[in-house]
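Participant: Residues per chain are reported as follows:
Number of protein chains: 2
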Amino acid sequence: MSANKYEEIAQAAIRLFQQKGYHATSVQDIADEVGLQKGSLYHYISSKEELLMKIAHQSISGFNRRLEKIIDMEVNHREKLFMAVQTHITVVAANMQMTTVLLREAFSLAEPHATIIQELTDRYLDLWTRIIDEGIAAGEFKPGNSRLKALAILGACNWLYRWYETDGPLSADEISKVFADIFLDGVAYHKPGGSIPPS
Amino acid sequence: MSANKYEEIAQAAIRLFQQKGYHATSVQDIADEVGLQKGSLYHYISSKEELLMKIAHQSISGFNRRLEKIIDMEVNHREKLFMAVQTHITVVAANMQMTTVLLREAFSLAEPHATIIQELTDRYLDLWTRIIDEGIAAGEFKPGNSRLKALAILGACNWLYRWYETDGPLSADEISKVFADIFLDGVAYHKPGGSIPPS
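Going down the list, the protein sequences come from chains P and V. In terms of the working numbering, the first sequence opens at residue 1 and continues consecutively. In terms of the working numbering, the second sequence opens at residue 1 and continues consecutively.
Since the hints were made in silico from the structure, they are not lab data. Mixed in with the good hints there might be a few duds.
As the list claims (entries may be wrong) - Covered stretches of chain V (in silico footprint by chain P; criterion: 3 or more residues with CB under 8 Å from a CB of chain P, positions within the stretch not fixed): (1) 9-17; (2) 101-109; (3) 145-154.
Claimed, not checked - The list that follows gives simulated cross-link-like pairs (lysine to any residue, SDA-like), each with its CA atoms no further than 20 Å apart: (4) V:Lys177 x P:Ser146; (5) V:Lys142 x P:Asp181; (6) P:Lys142 x V:Phe82; (7) V:Lys142 x P:Ser146; (8) V:Lys5 x V:Asp32; (9) V:Lys48 x V:Glu8; (10) P:Lys177 x V:Ala188; (11) V:Lys177 x P:Ala188.
As the list claims (entries may be wrong) - To give an idea of the interface, some chain P residues facing chain V are shown, with a C-beta separation under 8 Å as derived from the structure: (12) Tyr42; (13) Arg104; (14) Lys142; (15) Leu184; (16) Asp185; (17) Gly186; (18) Ala188.
Glycine is no exception: its CB is placed at the ideal position from the N, C-alpha and C atoms.
The following block holds chain P by itself, in its conformation from the complex (with noise of 0.2 Å):
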């Protein structure tokens, strides 16, 4: 089995799970898209679940290493939201496709795949809220409910599925900028002594 081959299905199944949906995409879209009779195609795979529960199981599992990676530098907390936010929305810019996937298809998994990736979905928000957290513990972030502050900042950042634009006029760092400026220090300016840490 070339897998030169199976990554070239998986590219195709991307493509078009992403433009026409995952229940509206046959194995015969597939196999027709690689140039492959449909019987060809299954020594390769063995189900189109199979095909959505890899791509789903490989865009998370990079979320989640990149995220880890970030949590372990020796950085302030301010710089590791701002490096989490950058590298989510890099990684959402750059696969698009992928993410899509993930974000708007994974709900059709069959068990056991769907608890699989929303175990590791969970594990992502967890990553977020201990960065959160830990914030709080150093006195750098206000307190309050870290894993409802973790919800909003990683859903602005997922909901970039929806809008960006890969030819566009703003490249993923001003985006990154833009978003991490607003979680840190909100849109409004601030009352002078209004928010500084009890001492």
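Knowing the structure of chain P, use the given hints to seat chain V on it.
Facilitator: Relative to chain P, chain V alone:
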């Protein structure tokens, strides 16, 4: 034609599109759900696409209408942004299935429906951007890319459809307060005098 029966069909379609996805739901599934023969269902609707369009149109139009009312209110822009966040989150939390159909399934619409929904969605983003722009003009909000800031805030609020639990511990009001606090003032403590508006 009974308006009640039509409404019952629309509610069944919302449930099925949310649970199985639009493509995986057949007209037969919808007929079964409301206890009609498939032929009789076609007395009420012309197609599955028509149902998806009506659901998406009703949902996004409601978001627009509510935000237009908030924009016209005589309050400051902090308060306006808070109310926009609170209203959006309250509507998503109270209409999780319908919002999921709008945000996850409407990409399956064909033309001219796709363009109509896209224009109403663009209009909604314009309204959020306007709140930020007017807050900047009033000296309440910091200058910057207002559309990008609106996309961050709206993305975070939209993402609720993915994680909000109707029977969970957090009310829409509690979530709104945490979210609006992040968008207005950020998660970090601010350096004394670091973010005072220029006078």
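Participant: Run every hint past the structure and note whether it holds.
Facilitator: Evaluation of the provided hints:
1. 9-17: violated (count 0)
2. 101-109: holds (count 3)
3. 145-154: Holds, because 7 residues of the stretch 145-154 of chain V bring their Cβ atoms closer than 8 Å to Cβ atoms of chain P.
4. V:Lys177 x P:Ser146: The given pair, whose Cα atoms are some 13 Å apart, holds under the 20 Å limit.
5. V:Lys142 x P:Asp181: holds (11 Å)
6. P:Lys142 x V:Phe82: Holds. Lys142 (chain P) to Phe82 (chain V) sits at ~19 Å (cutoff 20 Å).
7. V:Lys142 x P:Ser146: violated (25 Å)
8. V:Lys5 x V:Asp32: Between Lys5 (chain V) and Asp32 (chain V) the Cα gap is close to 14 Å, so the pair holds against 20 Å.
9. V:Lys48 x V:Glu8: holds (14 Å)
10. P:Lys177 x V:Ala188: holds (15 Å)
11. V:Lys177 x P:Ala188: holds (15 Å)
12. Tyr42: Check failed: Cβ of Tyr42 (chain P) comes no nearer than 22 Å to chain V, outside 8 Å.
13. Arg104: holds (6 Å)
14. Lys142: holds (6 Å)
15. Leu184: holds (5 Å)
16. Asp185: Status holds, d = 4 Å.
17. Gly186: holds (4 Å)
18. Ala188: holds (5 Å)
Going through the hint list in order, the structure does not satisfy hints 1, 7, 12.
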